[in-house]
Amino acid sequence: MEKKDIIQSVKDSLFTGIIALALFGPIVGLRTASKGEGLFITPQWGLVFILVGLCILGRFLINLNSARKTEFTFFSKFTSKLSSVTEEKAKHLAITAILFAVVFPFLPFTDRYFMDVAIMILTYIMLGWGLNIVVGLAGLLDLGYVAFYAVGAYSYALIATTFGWSFWICLPLAGIFAAFFGILLGFPVLRLRGDYLAIVTLGFGEIIRIVLINWYEVTNGPDGITGIPRPSFFGLPFKRSPDEGEASFHTFFNLEYSTMHRIIFLYYLILVLALITNYFTLKIRKLPVGRAWEALREDEIACKSLGVNPTNTKLTAFAIGAMFGGFAGSFFATRQAFISPESFTFIESAIIVAIVVLGGMGSQTGVVLASIFLIGITEMFRDLEQFRMIAFGGAMVLIMVFKPKGILANRKPTILMHGDKK
Amino acid sequence: MSNLLSVENLTMQFGGLTAIDNLSFDAKNNEITSIIGPNGAGKTTVFNCLTGFYKPTNGQMFLHKDEGKISLRKYTDFKIAHVAKVARTFQNIRLFPAMSVLENLLVAQHNELMVASGYSLFGLLNLKSYRDKEQLAVDKARYWLDIIGLTNRADDNAGDLPYGDQRKLEIVRAMCIEPKLLCLDEPAAGLNPKESAELNKLLKFIKTEKKTGILLIEHDMSVVMGISDHVVVLNYGKKIFEGTADQTKTSKEVIEAYLGVDE
Numbered sequence: 001m002e003k004k005d006i007i008q009s010v011k012d013s014l015f016t017g018i019i020a021l022a023l024f025g026p027i028v029g030l031r032t033a034s035k036g037e038g039l040f041i042t043p044q045w046g047l048v049f050i051l052v053g054l055c056i057l058g059r060f061l062i063n064l065n066s067a068r069k070t071e072f073t074f075f076s077k078f079t080s081k082l083s084s085v086t087e088e089k090a091k092h093l094a095i096t097a098i099l100f101a102v103v104f105p106f107l108p109f110t111d112r113y114f115m116d117v118a119i120m121i122l123t124y125i126m127l128g129w130g131l132n133i134v135v136g137l138a139g140l141l142d143l144g145y146v147a148f149y150a151v152g153a154y155s156y157a158l159i160a161t162t163f164g165w166s167f168w169i170c171l172p173l174a175g176i177f178a179a180f181f182g183i184l185l186g187f188p189v190l191r192l193r194g195d196y197l198a199i200v201t202l203g204f205g206e207i208i209r210i211v212l213i214n215w216y217e218v219t220n221g222p223d224g225i226t227g228i229p230r231p232s233f234f235g236l237p238f239k240r241s242p243d244e245g246e247a248s249f250h251t252f253f254n255l256e257y258s259t260m261h262r263i264i265f266l267y268y269l270i271l272v273l274a275l276i277t278n279y280f281t282l283k284i285r286k287l288p289v290g291r292a293w294e295a296l297r298e299d300e301i302a303c304k305s306l307g308v309n310p311t312n313t314k315l316t317a318f319a320i321g322a323m324f325g326g327f328a329g330s331f332f333a334t335r336q337a338f339i340s341p342e343s344f345t346f347i348e349s350a351i352i353v354a355i356v357v358l359g360g361m362g363s364q365t366g367v368v369l370a371s372i373f374l375i376g377i378t379e380m381f382r383d384l385e386q387f388r389m390i391a392f393g394g395a396m397v398l399i400m401v402f403k404p405k406g407i408l409a410n411r412k413p414t415i416l417m418h419g420d421k422k
Numbered sequence: 001m002s003n004l005l006s007v008e009n010l011t012m013q014f015g016g017l018t019a020i021d022n023l024s025f026d027a028k029n030n031e032i033t034s035i036i037g038p039n040g041a042g043k044t045t046v047f048n049c050l051t052g053f054y055k056p057t058n059g060q061m062f063l064h065k066d067e068g069k070i071s072l073r074k075y076t077d078f079k080i081a082h083v084a085k086v087a088r089t090f091q092n093i094r095l096f097p098a099m100s101v102l103e104n105l106l107v108a109q110h111n112e113l114m115v116a117s118g119y120s121l122f123g124l125l126n127l128k129s130y131r132d133k134e135q136l137a138v139d140k141a142r143y144w145l146d147i148i149g150l151t152n153r154a155d156d157n158a159g160d161l162p163y164g165d166q167r168k169l170e171i172v173r174a175m176c177i178e179p180k181l182l183c184l185d186e187p188a189a190g191l192n193p194k195e196s197a198e199l200n201k202l203l204k205f206i207k208t209e210k211k212t213g214i215l216l217i218e219h220d221m222s223v224v225m226g227i228s229d230h231v232v233v234l235n236y237g238k239k240i241f242e243g244t245a246d247q248t249k250t251s252k253e254v255i256e257a258y259l260g261v262d263e
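Chains as they are written, first to last, in our numbering: chain A, 1 to 422; chain B, 1 to 263.
Be a bit skeptical, because a hint or two may be false.
Below, a list of computed lysine to aspartate or glutamate pairs in the EDC-like style, where the Cα atoms sit at most 16 Å apart [said to hold, decoys possible]: (1) A:239 x A:256; (2) B:28 x B:66; (3) B:133 x B:112; (4) A:286 x B:146; (5) A:286 x B:66; (6) A:283 x B:178; (7) A:412 x B:155; (8) B:85 x B:146; (9) A:286 x B:160; (10) B:211 x B:178; (11) B:201 x B:132; (12) A:412 x B:160; (13) B:238 x B:21; (14) B:79 x A:256; (15) A:412 x B:156.
Read the hints as simulated data drawn from the structure, not as lab findings.
All chains, full assembly: derive it from the sequences and hints.
Structure follows, in structure tokens:
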């Protein structure tokens with residue numbers, strides 16, 4: 001490395017330091033605190049200097065690296081290895097991952113907190129897989145996916161609390177309702193693409209949330225719906241003291257009562273739901289309708305010239321994507337036993353879209369990796385409280401810098417003429 | 001030879017601009033009909049009217065099929081290809097670049113495969129009836145790929161093919177819908193002489209073996225004069241000449257339109 005390069009990178013790093021100082025100075029440096037009467041400013045210059053120093057050092061290291069013309073290899077190597085594995089190996093990997101997911105609840109280090117995080121990650125994986133149909137395959141940028149999540153959750157909650165039907169009846173109904181809303185949204189936006197579609201779907205997500213807040217008679221408004229029935233293990237409830245003449249899960253299997261039973265059951269429930277979503281998507285991608293979705297993403301005019309009906313194709317994508325969102329919503333409702341419109345804000349849509357895009361559009365494995373990475377990192381920094389969203393943003397930036405096309409951005413053809421030789 | 005397509009008094013106006021003015025011509029079965037003319041003469045607009053992308057201001061277009069004549073005006077959008085069986089290619093290639101060559105040809109057979117897959121239900125159940133139909137579709141794709149010599153690249157992305165191969169692929173993709181009429185919008189644009197000659201061969205093959213009528217817009221006169229059975233010349237949206245290739249070469253009107261009038 002030449003002397004000129006070093007001077008250049010030092011200059012560049014110092015410039016980064018100035019920007020960092022301008023940002024961190026007011027944001028971190030001047031902390032407001034209320035003491036007695038009035039608001040006072042407590043300066044925190046030490047912290048500012050540490051942060052600015054970190055920025056300068058980081059920038060300098062990046063410069064050194066790029067000057068040496070070698071990439072940050074670990075991350076890229078890992079993902080490019082993942083994307084170049086053969087079909088055979090991919091199968092082995094997938095089976096290993098599923099086996100790990102199955103034994104996860106019984107591993108020695110797994111506690112309640114780990115289970116909760118795992119359930120959350122799986123919920124996002126399922127939502128990501130559902131949205132992948134709409135965004136990844138059909139290429140319709142949907143920023144209001146949370147609306148279908150909300151429709152699923154509310155229809156499950158309302159049906160279950162009103163009619164007292166079991167989870168297994170309400171789940172498909174909630175999915176059907178969500179799919180219906182998917183079509184409802186699909187019709188007006190048929191002619192839109194790209195940015196315009198994104199704006200309208202974003203609006204749709206907000207409309208659903210605002211309706212949920214204001215339709216007090218049905219949705220109980222901002223107070224939400226409480227007492228949503230918990231799922232039962234094939235009719236056996238997870239209760240400490242079952243009603244007279246009724247068996248509960250732990251008495252039936254002669255186990256010590258533990259709240260973990262329900263958590264583990266919920267974990268397996270979302271695992272199965274997510275795997276169904278994945279299996280369905282992998283299958284339908286290889287069917288004519290799946291190929292038509294991808295063709296529509298590539299070129300809508302060419303599709304029309306070949307006699308592919310764009311209306312039906314788009315509506316099925318919206319409906320099926322929404323249906324899986326609805327399933328995930330019902331799971332969310334039964335897990336929380338309480339839902340309110342607050343759970344379905346735009347940030348949820350944004351996280352799901354981020355997972356799909358950063359995972360690599362259309363890649364099922366990419367969604368898994370992105371969910372674990374984004375949600376996992378955010379959880380790891382939970383102690384930082386309000387600053388943990390910085391970790392979320394940081395994780396996104398990392399992916400964007402090192403893998404601008406998404407973690408796994410390769411696409412395998414849905415059908416091969418010459419077999420999987422290469 | 002019987003008529004395949006009759007265009008009667010076709011007029012297309014965009015606001016005050018008349019792109020096509022009272023145009024009438026016929027195209028016959030098993031013939032290659034070329035539409036030529038200087039830039040802006042309205043050639044592509046004729047195609048867009050025929051293939052349902054524009055709704056003509058006035059006039060009629062009839063396609064003569066075995067079961068009788070149908071009016072193309074009644075069909076819009078994707079139904080032109082699906083029901084009326086009129087296929088087209090585009091001036092700027094419109095393949096599905098991120099999909100494989102084989103997938104491109106299978107999307108062209110979407111409607112038959114959709115029925116065969118029971119609108120996805122049989123396909124999800126992986127029934128044998130669907131798998132057989134899919135195999136037939138792959139065989140058809142292989143047939144066409146053999147003809148244009150791209151069989152060994154079937155699993156590569158269409159966007160990775162050389163330009164000339166992409167042109168040919170777009171044509172055979174259109175042929176996969178088994179059209180009665182194939183409309184080609186400047187298929188020779190950007191091709192070198194060798195590739196143009198291959199294109200001529202392919203078009204002649206489609207005409208004679210597949211009994212498909214071809215409507216061709218082209219600037220490359222070696223293609224037009226080499227294979228056209230019938231030439232229609234447009235200028236400013238009006239038909240100024242119609243005849244065989246040889247007649248066109250010597251027509252005073254055509255030379256004037258291309259080279260200008262001697263004052």
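Going through the hints against the structure:
1. A:239 x A:256: Answer holds: residue 239 of chain A to residue 256 of chain A is near 12 Å, not above 16 Å.
2. B:28 x B:66: It holds: about 13 Å lies between the C-alpha atoms, which stays within 16 Å.
3. B:133 x B:112: holds (9 Å)
4. A:286 x B:146: Violated, at roughly 24 Å.
5. A:286 x B:66: Between residue 286 of chain A and residue 66 of chain B the Cα gap is close to 35 Å, so the pair fails against 16 Å, i.e. violated.
6. A:283 x B:178: violated (28 Å)
7. A:412 x B:155: holds (9 Å)
8. B:85 x B:146: violated (23 Å)
9. A:286 x B:160: Between residue 286 of chain A and residue 160 of chain B the Cα gap is close to 22 Å, so the pair fails against 16 Å, i.e. violated.
10. B:211 x B:178: The hint holds at about 10 Å.
11. B:201 x B:132: violated (32 Å)
12. A:412 x B:160: holds (14 Å)
13. B:238 x B:21: holds (5 Å)
14. B:79 x A:256: violated (66 Å)
15. A:412 x B:156: The given pair, whose Cα atoms are some 10 Å apart, holds under the 16 Å limit.
Comparing the model with each numbered hint stated earlier shows that hints 4, 5, 6, 8, 9, 11, 14 do not hold.
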